[in-house]
Amino acid sequence: MKPAPFNYIKPSSIGDALAALGEHPEAVLLAGGQSLLPMLNMRLVAPSHVIDIGALPAMNEVSIADGWLRMGALLRHCDLAASPTVAEAAPLLQAAARHIGHPAIRNRGTIGGSLALADPAAELPACLLALGGRLVIEGLDGERVVEAAAFFTGTFETALRRDEILRAVEVPVLAPKYRSEFHELARRLGDYALVGLAAHGQIDNGGVHDLRLAFFAVGDKPALAVAAARSLEGKSLSEANIAAAVALLADDIHPIGQPGYGERTKLHHCGVLVKRALSRMAA
Amino acid sequence: MEPMIDIQTSVNGANLSARVPARQTLVDFLRYHLELTGSHVGCEHGSCGACTIRLDGDIVRGCLVLAAQADGAAVETIEGLSDSGELADLQATFHARNALQCGYCTPGMLLTAQALLADNPAPSREEIRAYISGNYCRCTGYQAIVDAIESVAAARRGVIS
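Keeping their order, the protein sequence lines are chains V and F.
Every letter in the first sequence is one number past the one before it in numbering that gives the first Met the number 0, and letter 39, counting from 1, is 38.
Every letter in the second sequence is one number past the one before it in numbering that gives the first Met the number 0, and letter 56, counting from 1, is 55.
Because the hints were derived from the structure by calculation, they are not lab data.
Please note: incorrect hints may appear among the correct ones.
Result set (SDA-like, lysine to any residue): computed pairs, CA atoms no more than 25 Å apart in a straight line [what the hints assert, rightly or not]:
id, chain 1, residue 1, chain 2, residue 2
1, V, LYS176, V, THR154
2, V, LYS1, F, ASP88
3, V, LYS9, V, SER47
4, V, LYS9, F, ILE4
5, V, LYS9, V, ARG166
6, V, LYS1, F, ASP82
Being a predicted model, the structure only gives us computed values, none of them experimental.
Working from the sequences, and respecting the hints, build out all of it.
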């Protein structure tokens with residue numbers, strides 16, 4: 000299908016973009032467009048105005064300051080995957096990037112677009128949760144910072160207000176002895192995740208510490224398996240310890256099934272991903 | 000009133016100005032306005048890859064870019080890349096290996112294969128499959144396409160296969 004008619008605005012500064020957002024209550028923001036264009040084409044959305052922020056200056060930069068890796072919201076997935084700075088400071092994000100769509104999608108799609116959309120099956124929201132990241136949001140009355148744990152509130156729902164723009168994303172720079180694993184099940188590479196896991200933790204003195212297991216495509220938003228992760232605190236990642244943690248997943252994660260892919264299968268797959276991730280982390 | 004946007008863009012090396020509907024996708028602009036019908040329209044939501052074109056050197060989905068977003072950009076299509084000879088060996092090998100049947104996916108497949116070989120001159124069969132995972136072919140079962148890409152990669156490296 001073709002989109003319904005809309006007006007197209009291309010502001011030259013974030014201030015102009017915010018003003019346009021304020022002026023047009025039925026407007027949507029266009030960054031890379033790799034989710035918005037399908038939604039427009041299928042007429043799932045029919046905005047009065049499309050505000051194209053894709054070419055705004057200085058919003059796709061990668062930098063490190065005060066122990067935080069900062070990435071502009073307009074950083075494309077292909078640039079995330081190729082950035083040596085990201086590879087060193089947040090290898091989890093780089094591992095996740097190759098699962099986001101296909102090469103032609105990653106050449107246009109942006110990290111900010113993916114995070115602001117908050118698709119429950121998206122990779123990056125879970126990564127941010129696992130890493131303890133935060134989101135830098137710009138509004139007409141200035142900037143505010145929201146922790147990832149408070150940002151994702153539901154299916155396509157976030158703490159972003161409709162007159163605000165996500166400006167940048169920050170995650171702590173990889174600390175000594177921390178390791179990350181990213182695992183996703185999909186029917187074909189790049190397709191929507193059936194279920195996925197972003198794992199992050201410290202391996203020290205033969206034990207795991209500060210482990211975070213963030214699942215996506217299990218419910219309306221990314222979810223941390225708190226009990227399973229806590230059960231492993233200070234312990235070795237032996238087969239028995241991992242199996243005991245997997246047994247706790249049913250307390251942590253309450254997957255929403257879909258036709259042909261029920262809750263129990265999904266929960267079983269969550270356990271499979273935990274085993275894969277932790278056995279690799281231990282190696 | 001259909002909102003219209005003025006754009007200036009380069010298509011296959013030729014600079015042009017056009018007034019386009021704000022809602023028109025780039026692939027529809029190429030097909031309807033410029034009559035470049037080599038880029039195909041399959042699913043119109045980014046799943047099939049039949050509309051793959053190049054925008055400022057990167058392969059993209061022609062159905063997931065607005066024509067308005069191509070203002071100031073360089074667009075390349077199968078027509079331009081075919082005329083320039085850039086894809087000649089891929090085209091000949093797809094033909095020789097029966098890597099197409101109906102041909103609907105072929106322009107997108109060729110552009111994607113070319114992007115892969117630019118990134119990775121010696122891809123494994125697994126890497127070829129991963130890279131073309133966003134391009135649907137409903138005829139060949141992919142085996143012959145992977146064969147063709149593998150064989151062109153080897154030939155470009157000077158390896159006889």
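Proposed proximity, THR154/V with LYS176/V (alpha carbon, max 25 Å): violated (34 Å)
Proposed proximity, ILE4/F with LYS9/V (alpha carbon, max 25 Å): holds (11 Å)
25 Å limit on alpha-carbon distance, applied to hinted pair LYS9/V and SER47/V: holds (14 Å)
Restraint check for LYS1/V with ASP82/F, where alpha carbons must lie at most 25 Å apart: The given pair, whose Cα atoms are some 30 Å apart, is violated under the 25 Å limit.
Restraint check for LYS1/V with ASP88/F, where alpha carbons must lie at most 25 Å apart: Given pair LYS1/V, ASP88/F is violated - Cα atoms ~35 Å apart, limit 25 Å.
Hinted pair LYS9/V and ARG166/V, Cα distance within 25 Å: holds (17 Å)
Of the numbered hints given earlier, the model fails hints 1, 2, 6; all others are met.
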